[in-house]
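Taking the hints into account, I'd like the entire structure generated from these sequences.
2 protein chains.
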Amino acid sequence: MAAWARAVRGLLLDVSGVLYDSGGDGGVPIAGSVEAVRRIKASGLKLRFCTNETQATREKFVKKLQGMGFDISVAEVIAPAPAACHILKERGLRPHLLVHDDLVPEFAEIDKANPNCVVIGDAAANFTYANLNEAFRVLIGMEKPVLLSLGRGRYYKETDGLKLDVGAYMKALEYACDVQAEVVGKPAKKFFESALAEMGVLPHEAIMIGDDIVNDVGGAQQCGMRALQVRTGKYRPCDENHPDVKPDAYVNNLAEAVDIILQQM
Amino acid sequence: MAAWARAVRGLLLDVSGVLYDSGGDGGVPIAGSVEAVRRIKASGLKLRFCTNETQATREKFVKKLQGMGFDISVAEVIAPAPAACHILKERGLRPHLLVHDDLVPEFAEIDKANPNCVVIGDAAANFTYANLNEAFRVLIGMEKPVLLSLGRGRYYKETDGLKLDVGAYMKALEYACDVQAEVVGKPAKKFFESALAEMGVLPHEAIMIGDDIVNDVGGAQQCGMRALQVRTGKYRPCDENHPDVKPDAYVNNLAEAVDIILQQM
Chain A
1062 MAAWARAVRG LLLDVSGVLY DSGGDGGVPI AGSVEAVRRI KASGLKLRFC TNETQATREK
1122 FVKKLQGMGF DISVAEVIAP APAACHILKE RGLRPHLLVH DDLVPEFAEI DKANPNCVVI
1182 GDAAANFTYA NLNEAFRVLI GMEKPVLLSL GRGRYYKETD GLKLDVGAYM KALEYACDVQ
1242 AEVVGKPAKK FFESALAEMG VLPHEAIMIG DDIVNDVGGA QQCGMRALQV RTGKYRPCDE
1302 NHPDVKPDAY VNNLAEAVDI ILQQM
Chain B
1062 MAAWARAVRG LLLDVSGVLY DSGGDGGVPI AGSVEAVRRI KASGLKLRFC TNETQATREK
1122 FVKKLQGMGF DISVAEVIAP APAACHILKE RGLRPHLLVH DDLVPEFAEI DKANPNCVVI
1182 GDAAANFTYA NLNEAFRVLI GMEKPVLLSL GRGRYYKETD GLKLDVGAYM KALEYACDVQ
1242 AEVVGKPAKK FFESALAEMG VLPHEAIMIG DDIVNDVGGA QQCGMRALQV RTGKYRPCDE
1302 NHPDVKPDAY VNNLAEAVDI ILQQM
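The listed protein sequences derive, respectively, from chains A and B.
For the record, in the first sequence the residue sitting at position 126 is 1187 according to the working numbering, with numbers rising by one throughout.
For the record, in the second sequence the residue sitting at position 113 is 1174 according to the working numbering, with numbers rising by one throughout.
Certain hints may be false.
Pairs involving identical chains hold if they fit within one copy or between any two copies, as the list cannot separate such chains.
[Said to hold, decoys possible] With a straight-line cut-off of 25 Å between C-alpha atoms, the simulated DSS-like cross-links for lysine-lysine are:
{"id": "1", "residue 1": "K1205", "residue 2": "K1295"}
{"id": "2", "residue 1": "K1250", "residue 2": "K1150"}
{"id": "3", "residue 1": "K1121", "residue 2": "K1102"}
{"id": "4", "residue 1": "K1224", "residue 2": "K1205"}
{"id": "5", "residue 1": "K1218", "residue 2": "K1124"}
{"id": "6", "residue 1": "K1218", "residue 2": "K1205"}
{"id": "7", "residue 1": "K1121", "residue 2": "K1150"}
Derived from the structure by calculation, the hints contain no laboratory data.
Next up, the structure:
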């Protein structure tokens, strides 16, 4: 019946728009998602939460989700900031940070003196004219500018309206310095691969479930994974006519996806 | 001797970096430039000043140059804001402005109610997180977003350091809204053509003199004009190895260019 649901050993879940809808300071669980996560865990399937969230540390993020009733721990969360820290250490990079205040603790153990790269995240209110000029000057002052971007989202919605996401500011710095940013987070292949490695699951054994047609679905498929788009969160009907990306299936929400997958086991 | 200087009927001069060096609130004339402008006028050559300046009205800009001793009038200045106003009127566009406070009077006669396009200039300190989000929301709310950008510069230098120019913010909005901005100002072909039309001079009869290898030299050459790069202003020795653009000649400064051109008349 649902060929896409066969022979699954691991699931990757996007968080915002799949588990909960964000808004204001908190968020509201999407109907059925709390129970769906519990059922995945009870099934024995491997599970990771794969988010591009960069406005808070994983600790704070997980606490928020636990507060909504989700069975989730920090060790199960794949997020851009820790992935960036891994790259920084590996390559001896010392970042100038243009990120949200609440994300800074993720970089506590990283040497930030005399920076030789810039890390940009969704800095929100920290995207001031002065901070952008400063990050630009650090970059343009390098012989070979290195720019790491925690995601490449265009925009997102908050209760008080749409906001430009990190991708827009990344493009501004890319253009000004004539460099190409290295994107850490979805849809970067390495990011998905690190999640698969942690689970000990091969790409063809895993399914990504997300609301973002490009960053979740397209990114996971590029890695050889199957990918579903939920019709919650930032999903829009026009996504179903996307010129480049076609999900392996659409589901109304996470609960429906889990129903189908567990039936096939 | 200087084949590039023959059969000239009109000159287009870039202003910042050719006539004067900007810095702080004022600027300093480049040696020989005040006299060079006088000699051009005395020669009977047609002349226009072709600038991407968008931090002040032409009136204010011209007053500053007159204060430095330049023989220049508002009617001789080709600048992006008036060119944008022309487009706005022609196409019935009502702009949401993201520009420098001092530029706003240039749009005094333009209907700005219920905007159906965004005009972005070098807004400098007006490039706040809130203002960028607001311009973005106006754009993304349109069925077919229209973005006019007053130039596409990457960055410029002020006494307190390098600053991101309008092009960087233009790229941010382009990416977020998946649109392509229409650039008004150099290097847009229409911009140079309007200057030629005002002078009543054909492209092959005109020479552009500027310090910007891409926006001045490349732009003018694309219109069929000859173009010189001065070794003043933002000129850097590495410009002489530019992969795409090769000026018809290099001159040390405006005075030298005018010497050679007038000798050929």
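Now for the hints, and whether the structure bears them out:
no., hint, result
1, K1205 x K1295, "between (37 Å within a copy, 20 Å between copies)"
2, K1250 x K1150, "within (19 Å within a copy, 48 Å between copies)"
3, K1121 x K1102, "within (22 Å within a copy, 68 Å between copies)"
4, K1224 x K1205, "between (31 Å within a copy, 19 Å between copies)"
5, K1218 x K1124, "within (22 Å within a copy, 45 Å between copies)"
6, K1218 x K1205, "between (35 Å within a copy, 20 Å between copies)"
7, K1121 x K1150, "within (23 Å within a copy, 52 Å between copies)"
The structure meets every hint from the earlier list without exception.
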